[in-house]
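For the record, the sequence lines run as chains A and B. Residue 187 in our numbering sits at position 187 of the first sequence, and the numbers go up by one each step. Plus 1000 on top of the position in the second sequence (first one is 1) and you've got our numbering.
Since the hints were made in silico from the structure, they are not lab data. Yeah, the Cβ is synthetic: ideal placement off N, Cα and C, and Gly gets one too. Any given hint could be a false lead.
What the hints assert, rightly or not - Listed next, with one range per pair, are the computed distances between beta-carbon atoms:
hint	chain 1	residue 1	chain 2	residue 2	range
1	A	G249	B	S1351	50 to 56 Å
2	A	V301	B	E1609	56 to 62 Å
3	B	E1078	A	V301	29 to 35 Å
4	A	Q313	B	D1157	40 to 46 Å
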Amino acid sequence: METAIKKYTYKDFASDQEVRWCPGCDDYVVLRAMQKALPEMGVNKEDVVFISGIGCSSRFPYYMDTYGMHGIHGRAPAIASGVKLANPKLSVWVITGDGDSLAIGGNHFIHVLRRNIDLNMILFNNRIYGLTKGQFSPTSLVGQKTKSSPYGNTQPPFLAGELAIGAQARFYARVAGNTPQEMTQVLIEAERFNGTSLIEVLQNCVIFNDGCYTEFTDKAVREDKQLHVEHGKPMLFGKDRDKGLVLKGLKLEVVTLGEKGITEKDVLVHDAHEQDPTLHQMLVRLQFPIVTGIIRSVADVTLEEREVALTEQVKARSEFKRTDDLFFSGETYTVK
Amino acid sequence: MIQAKIEGPDIRSLEAVVVRFVGDSGDGMQLTGTQFTDTSAMFGNDVATFPNYPSEIRAPQGSLYGVSGYQVHIGSIEVSTPGDNVDLLVAMNPAGLKTNLYAVKPGHTLIVDTDSFTQKNLDKAEYKSNPLHDGSLENYRVIEVAMTSLTREALKDVEGLDNKTITRSKNMFALGMVYWMYHRSPEHSIDFFRKKFKKKPELIEANTKVLQAGYYYSETLELIPNSFTIAPAKMASGTYRVIMGNTATAWGFLAAAEKSGMDLFLGSYPITPASDILHELVKHKHFGVSTLQAEDEIAGIASAIGASFAGKLAITTTSGPGLALKGEALGLAMMVELPLVIVDVQRGGPSTGLPTKTEQSDLLQAMYGRNGESPVIVIAASTPSNCFAYAYEAARLTLEHMTPVILLTDGYIANGSAPWKIQSVSEMKPIKNRLVKEASESWHPYDRDEKTLARSWAVPGTPGLEHRVGGLEKDANSGNVSYVPENHEAMTEVRAEKIRRVQDNIPEIVPEFAQEGELLVVGWGGTYGSLHTAVKQLSQEGYSKVGYAHFNYINPLPKNTGELLKKFRKVIVCELNSGQFAKILKINFTGLAPLQYNKIQGLPFGNEELIEAFKKHLA
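The shape of chain A in the complex, shown without the other chains:
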């Protein structure tokens, strides 16, 4: 029986628990964006589940008045996979961080993407271990000084998007932590997408890694330093929207409209639905401008759809309706 979707406001999704992140943390922005996005998603509150791992962001489920589980370090995608396979009707969200999903939980992270279970994963990437008080993470930059790298980090970082697309992510979006409206929109799109959606939030850590993204997220410069892609739209950026991306050989290049005869027609148009991940990977890797928005969104069959279909097929042709049919089948014998 289909029940009508109830009407909600963001307050309906706030739990009675006091939020305990550091003042000024971008996690608040995501929490609020989530609470605002949920009423727009057309899901009932009782069907929403948040599963988290360990880390600052993983407290998130406690602050949502929905079903939730604060799991163990790195395992949220695996727990969430069980939830979704158990009940494909649920809207299941994974809350994770750069340490949680790219270090200790790296294995689950890649395999959930490969399987394409319809989960939404928010990766809070602050390039640092916050909850354990400031060690470098798998996304920390080489040379970054942290408590566990006082002379500078020597380990090259992962690019979350590159790893994800390499692991066959069908939906990948990148959002700056200080853009609540964009974030709300991306969250709604992620829920709408049928398959695993990964949203990487470039999140500032005010205590241990303050300003880690300021170079391109600061309000004064972000329009010049970020390219916000939208499917079907030309890849233009800059305060005056006069900069754009073109493909030159196997490289992306920034051009200025009006210079050297370049017009808007020469600029690449974003195709998030393209199966071939080559251009998406180039956008992910680009250092200038930093690309945000939904970089990749490619429809595909989900694992649970395959499973449900297979189960129906097996059920239809099986001679076993109850366990008795199985237990007494085949080679049995009677003792009198």
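Position chain B against the provided structure of chain A, taking the given hints into account.
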């Protein structure tokens, strides 16, 4: 159709017989053994089997470490173990003979494929001279048969067979001979070929021809001095089938799911010797079973925790090393108080240990292998067929008590098979789950049943019962995160008390044989067959003061355990480890100083060693 002959001058009737088939790991010994087992069981014999194979899939041909064996004990009397002493050894090559001759007592019979006793194979088996010619087997009755050539001969007119297929059919020649010797009709196996090779008629023909060739060969040539009958055993009336332990475990969960009206979810990662449970359950999607072959052991249990949170009867299956990996997640399941069964099919440890051999050395890991104080229910199956009952019981306890249950089996009972009196779900104990379907104003996730302390279970999709659980300590009342010192202590105590109260929901332990007296033999888990047989023998020999207590419930122990232990002057705890259950008993019962009999060889107990060990302590 071949009719097994029933009477004749050279026919002797036996109570029980032990047959072992040995050959290369590619020789089809497991199939040969299971065919002989099934045929005997259907004839009405009691049966117990013990497959013994190398961990290499196809070890180099003819090598000593590549020998695969299958032992079966059939009887007209109760048979509880695969038997210690082999009455008939069928050796398909020198390596098989070399590694298995120790189990055959002088005077007993060997059937060997002489074609395989080439210089090359003798060298590989490290024989300095051919044992068939050097007199070293003179104390045995050796039946020499050129099985490979005879198989070729039998198949010379069958078309569409390659050389390899022809050679590989020789196991059926051996089976045919053994069928003749024990008056078993080959019809059951011929039926089996018809079903198994439905799409390959040439293989039905080949296997049938070779089987019959072996049968008639024994009958015609007077190489075999006499044959034997083993009458049907006296068994409780009912419908039976021969079942392997791992299959029984899988079926127990199917039964529990049907009885509780829930769907089963299995999250698992392949590991020897537990993978067969996954293989079995994945077949049964028609019963609403969903399975996830996960990326690792941790994801296996984590996905099961997720499925449990969403309202499934969730299980995960593994063996020792996998249980170690699952430890942290198991602690989470205990902390969030969700139902979950973890099956540990124990194997030889530590580390990778002896993956294809049996051991009972994960007991302390099951009891204590987690951070913090994290008690769970621990139970153990004790025979291949009662894996069914204990898998069902594990599901019942986890659903009724809302706490994880570890079910211990082991490689010996998991791969062994025995007759199982089929149980219909309608005859099984009812299972009450703790699901809450409707919201009440005052509901919170840690509302507990007064009697059992089990919390109630609200699953996503239920309006009004939205709540959060997690690994952080929770306030005893609201279920919110709490760092209050007294609350943590109280919650720790609740979790422990919850397990203690399971005692009210499990049966008391009833000893076999003497109910009080001189010596109480204590065992747990998969050693039931060996220990029961040994104490039974003592009892038949007139030792009337020896009792036997076998534990299937380990945490908590049955209520009357302490009382029972006091009824005997001595207690001897027998385990395939260096004394883990003995430790648990000592922790629970101050002053108890049990004797121990331990074996850590990757093998089950033998009967004679047990009798000897027990007699030492009997006046």
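Hints numbered earlier in the text: which of these fail when held up against the supplied structure? 3
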